[in-house]
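> Chain by chain, the residues run as shown.
Protein chains: 2
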Amino acid sequence: MAIKLTVTHKHKRARAGEIKTPRGSIHTPAFMPVGTQGTVKAMTPEELEQIGVEIILSNTYHLYLRPGTDIIKKAGGLHRFMHWDRPILTDSGGFQVFSLGPLRKVSEEGVTFRSHIDGSTHFFSPEKAVEVQNILGSDIIMPLDHVVPYPAAHRETLDAMERTIRWAARSKDFHRSEEQALFAIVQGGTYGDLREKCTRELVAMDFPGYAVGGLSVGEPKETMYAMLDITVPLLPEDKPRYLMGVGSADSLLEGVNKGIDIFDCVLPTRIARNSRVMVSEGYLNLRNAEYAQDMRPIDQECSCYACQNYSRAYIRHLLKANEIVGLRLTTYHNLFFLREFMTKIRQAIMENTFERFYGEFWARFNGAPEL
Amino acid sequence: MAIKLTVTHKHKRARAGEIKTPRGSIHTPAFMPVGTQGTVKAMTPEELEQIGVEIILSNTYHLYLRPGTDIIKKAGGLHRFMHWDRPILTDSGGFQVFSLGPLRKVSEEGVTFRSHIDGSTHFFSPEKAVEVQNILGSDIIMPLDHVVPYPAAHRETLDAMERTIRWAARSKDFHRSEEQALFAIVQGGTYGDLREKCTRELVAMDFPGYAVGGLSVGEPKETMYAMLDITVPLLPEDKPRYLMGVGSADSLLEGVNKGIDIFDCVLPTRIARNSRVMVSEGYLNLRNAEYAQDMRPIDQECSCYACQNYSRAYIRHLLKANEIVGLRLTTYHNLFFLREFMTKIRQAIMENTFERFYGEFWARFNGAPEL
Chain A
362 MAIKLTVTHK
372 HKRARAGEIK
382 TPRGSIHTPA
392 FMPVGTQGTV
402 KAMTPEELEQ
412 IGVEIILSNT
422 YHLYLRPGTD
432 IIKKAGGLHR
442 FMHWDRPILT
452 DSGGFQVFSL
462 GPLRKVSEEG
472 VTFRSHIDGS
482 THFFSPEKAV
492 EVQNILGSDI
502 IMPLDHVVPY
512 PAAHRETLDA
522 MERTIRWAAR
532 SKDFHRSEEQ
542 ALFAIVQGGT
552 YGDLREKCTR
562 ELVAMDFPGY
572 AVGGLSVGEP
582 KETMYAMLDI
592 TVPLLPEDKP
602 RYLMGVGSAD
612 SLLEGVNKGI
622 DIFDCVLPTR
632 IARNSRVMVS
642 EGYLNLRNAE
652 YAQDMRPIDQ
662 ECSCYACQNY
672 SRAYIRHLLK
682 ANEIVGLRLT
692 TYHNLFFLRE
702 FMTKIRQAIM
712 ENTFERFYGE
722 FWARFNGAPE
732 L
Chain B
362 MAIKLTVTHK
372 HKRARAGEIK
382 TPRGSIHTPA
392 FMPVGTQGTV
402 KAMTPEELEQ
412 IGVEIILSNT
422 YHLYLRPGTD
432 IIKKAGGLHR
442 FMHWDRPILT
452 DSGGFQVFSL
462 GPLRKVSEEG
472 VTFRSHIDGS
482 THFFSPEKAV
492 EVQNILGSDI
502 IMPLDHVVPY
512 PAAHRETLDA
522 MERTIRWAAR
532 SKDFHRSEEQ
542 ALFAIVQGGT
552 YGDLREKCTR
562 ELVAMDFPGY
572 AVGGLSVGEP
582 KETMYAMLDI
592 TVPLLPEDKP
602 RYLMGVGSAD
612 SLLEGVNKGI
622 DIFDCVLPTR
632 IARNSRVMVS
642 EGYLNLRNAE
652 YAQDMRPIDQ
662 ECSCYACQNY
672 SRAYIRHLLK
682 ANEIVGLRLT
692 TYHNLFFLRE
702 FMTKIRQAIM
712 ENTFERFYGE
722 FWARFNGAPE
732 L
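First to last, the sequence lines map onto chains A and B. Going by our numbering, the letters in the first sequence line up with residues 362 to 732, in that order. Going by our numbering, the letters in the second sequence line up with residues 362 to 732, in that order.
Incorrect hints may appear among the rest.
No distinction is drawn between identical chains; accordingly, a pair holds when it is met within one copy or between any pair of copies.
[Stated by the list, open to error] When the alpha-carbon atoms are kept at most 25 Å apart in a straight line, the in silico DSS-like pairs for lysine-lysine are as follows: (1) Lys381 to Lys466; (2) Lys434 to Lys681; (3) Lys705 to Lys381; (4) Lys705 to Lys371.
Hints were generated in silico from the structure; no laboratory data involved.
With these hints in hand, go ahead and build the complete structure from the sequences.
Here it is, written out as structure tokens:
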């Protein structure tokens, strides 16, 4: 087995543990920064290590199109290509391909789609998605899934969910590498009955880990949490649980509360490039005039490189002047903030203070960012 | 005296030495990276230190307009604002203001100009330029000068040169800080008689250092070198000599050969953001298809962070995908390359092998970048 989860502490459904992989351990709950194109935007691998990142996510769809698998194969795999020797999780490209809308056509065999870069036509089957990820050499890989938009009718969601299960089976049959763990992805949209059916069938197939996909795509957060309440209790205790596409502090905390171990999202890095930084109370937009003469750090409680050495006024100046270092500092801070946040959640679970942590968070937190 | 140059070794006109300042020593000859807006684009101060940078240049014109002197004053000066505690040289804004063309109007009192950012009207006198730099707190400051475009008529160049001398005198009268060294700027365009007159008059006024300005503005390199041949021998031996706006390897070497100690230019950082990297033989454009599968580092002889950890193929991928880390790596490499280059020149002078170094460089070097 390529990976092994040990749950060390629990508080109701919330869990703290450690996922051991051949490339190092991931202490959970954990947030995975996204390196879509084989780089976490604006950050070097050394900076990610300083921040305490133990695993990153990268995107099969993007890397397959550019630079292409030939080049990554020649480089000796994605880890060597991008100079990151810790664990990498790659998605299957399903979410990206199904987001292309009219540019893709789905059949039982797979999906035909056109590149967003040059319009060229490509075909992804479940086998192809595994094959590409075998070449990438990522430590955790995902099967091609059929993602429906939100909202979607029950019938359409059912068909896509059932196809996702058949594709998961094909992916499992095709995947041979002992070094890479192939997770399954639970689909079923916002329909509880479909989520339940999908979870039960995938669990029966015994995957080394389970992702919950197709959420955080526009539905109300309450709906997402309701789907977790149905799905998570059906998942095996001894396998990692991964909620895809979630990265705001409130949803991370709620996800852990509902039993999730790992998360990924472009949110912290994307909002950083949009001048937004995470603080205990929510978010600040550093372009706002109120920070022009503000000589305090982004967050007075934060011990990150940006907060230890620079003022809001300076970072605002850099952002207004379109300076790259501005984006580096906001990105660094947001990733550090989320890593700290996950560490605090983990400690609260371990020290049996999760309930208090949870209550204090909601008393302090002032809502979501406008993205 | 705020700064003190000790020339330790000479080979004909070429010199190696050390400029001591209250914020640390500058080993010469040295290249100063440019941090126009209070940041060397894409680089943190820690990275500049790793590269071995001992002094940077920043631009009075840009900082005066944005974020403005109030904010930098409140931050405790430019060093604290930008988190760089080693020496900073600021220019006077003369070059920028005179580059604005129809947006500025010159009188004996000073220059009225309009901001390139918001079109607002501003006035710089020699006194104002010193006052702004006093607030910035830079270690070496420059007087406002009257720069003419290339080509310019003898009469126009003469008038501007004489005004530059009068403005240098006013700047010297106005400047009172013992902690900041006010250099003079030799003008005179491409006219040897004007360069000679300007140099003699400024030297008679006894400044702690001398810049050669108004070159590298479009004239043939031979013309620039001819102007140095006239100017440099008239400068005092015990004062630093600064050639403004020069940063290509060939011109740096030739500048040192003609007796210059310090240089600045946006070239290495600007071409880096344009995918061009410096190597012993000249320049590579990493966007070229020939590097798509090239698993070698940028420069096999280079020991910089980019060359130790990344392939040309990976950096090309990042640049093609518009990833910030691509610009970070090319910028890091170019600044490291030039710092190494200046160190090698310095060692050659110290070890009495400058002549051989000079010959070998020209045998290897394949021409200038297309900018």
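> Now tell me if each hint is right for this structure.
Here is how each hint holds up against the structure:
1. Lys381 to Lys466: For Lys381 and Lys466, the Cα distance exceeds 25 Å both inside one copy (38 Å) and across copies (69 Å).
2. Lys434 to Lys681: Between. Shortest inter-copy distance 19 Å satisfies the 25 Å Cα cut-off; intra-copy 40 Å does not.
3. Lys705 to Lys381: within (21 Å within a copy, 48 Å between copies)
4. Lys705 to Lys371: within (15 Å within a copy, 60 Å between copies)
Going down the numbered hints, you'll see the structure goes against just number 1.
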